[in-house]
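**Student:** Chain residues, written in single-letter form:
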Amino acid sequence: MTCQEAIAILADYLEMALTPSVLEELERHFAGCEPCRAYLATYKKTRDLAAAANRVEMPEEMKRRLREFLLEQLRQNG
Amino acid sequence: MNGDDLALLASLRAGDAAALEALMRRYSSRMYRLAYGITRNQADAEEVVQDVFVTIVRKGQTFEGRAALGSWIYRVTTNAALNKRRGKRLELETSLEEHLPGFDADGHREGDRAWVLADWSATPEHELLAGEARAVLHRALDALPGHYRAVLVLRDVEELSNEQVAQIVGESVASVKSRLHRARMALREQLTRQLGSKA
Ligand SMILES: [Zn+2]
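Each protein sequence line maps, in turn, to chains A and B. Mapping the first sequence onto the working numbering, position 17 (from 1) lands on 17, and the numbers just tick up by one. For any residue, its number in the working numbering is found by taking its place in the second sequence, counting from 1, and adding 78.
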């Protein structure tokens with residue numbers, strides 16, 4: 001397995017969606033390839049960081065506005 | 079459909095404000111996360127969430143017998159957010175290709191040794207979510223095409239399966255998987271350019 005082939009299946013690896021034989025081949029590649037170990041570590045960290053950055057909360061002021069607006073819509077509806 | 083959702087929609091049809099509030103409590107946070115993740119703009123995300131809820135208030139009766147309200151909400155929120163974005167902020171989107179790793183003929187990653195060995199993953203998350211690293215991450219997210227950001231949020235924040243995301247965005251599972259992987263690689267490349275030397 002080349003580095004390019006290893007990197008192509010990282011998402012499946014993290015989801016544990018690889019077949020046992022491919023998984024074994026990939027882990028053998030990692031064992032002998034420092035650049036791919038660095039790639040995997042930074043790829044995982046990137047996934048976690050992007051998720052953390054995307055975990056935004058609706059501002060309270062906006063929640064209040066939305067609630068009032070929708071309750072008014074509901075009144076008009078009825 | 080979730081029995082609770084059905085009951086809430088029925089009460090909403092009868093003009094019950096408490097049902098509306100319960101639906102907002104249940105769905106508004108994830109709608110906002112998704113809409114903001116795609117539009118990257120608070121005002122646009124607010125409009126999207128408002129529009130989707132207005133549809134629910136006005137057309138509550140048309141949901142009966144449909145698939146889960148939750149998936150429907152993800153689907154219309156995604157579409158509304160992608161539309162909102164269309165024509166706006168496109169100037170920020172750069173080609174993803176230039177941020178994907180390059181490989182030589184033997185399948186080794188291109189770049190000098192320091193680059194291919196760069197590993198900043200031990201840096202604590204709170205440090206990476208502050209200062210220049212945060213700025214790089216947000217610029218990189220801004221630069222991703224909207225469809226890629228939709229998949230990134232649905233998979234990595236909402237933690238839906240590839241199959242669920244494929245249904246929501248109306249693409250194949252293969253395309254969802256490819257976008258997710260390419261988005262992560264493009265972000266990784268830009269973070270590594272900033273952080274690699276410091277690790
Ligand atoms: Zn390798």
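Careful: at least some of the hints might be erroneous.
Below are the BS3-like pairs computed for lysine-lysine, each with C-alpha atoms no more than 27 Å apart in a straight line [what the hints assert, rightly or not]:
| hint | chain 1 | residue 1 | chain 2 | residue 2 |
| --- | --- | --- | --- | --- |
| 1 | B | K255 | A | K44 |
| 2 | B | K137 | A | K45 |
| 3 | A | K63 | B | K137 |
What the hints contain is simulated information worked out from the structure, not anything from laboratory work.
**Student:** Which hints from the list above does the structure break, by number from lowest to highest?
**Tutor:** Violated hint (a single one): 2; every other hint is consistent with the structure.
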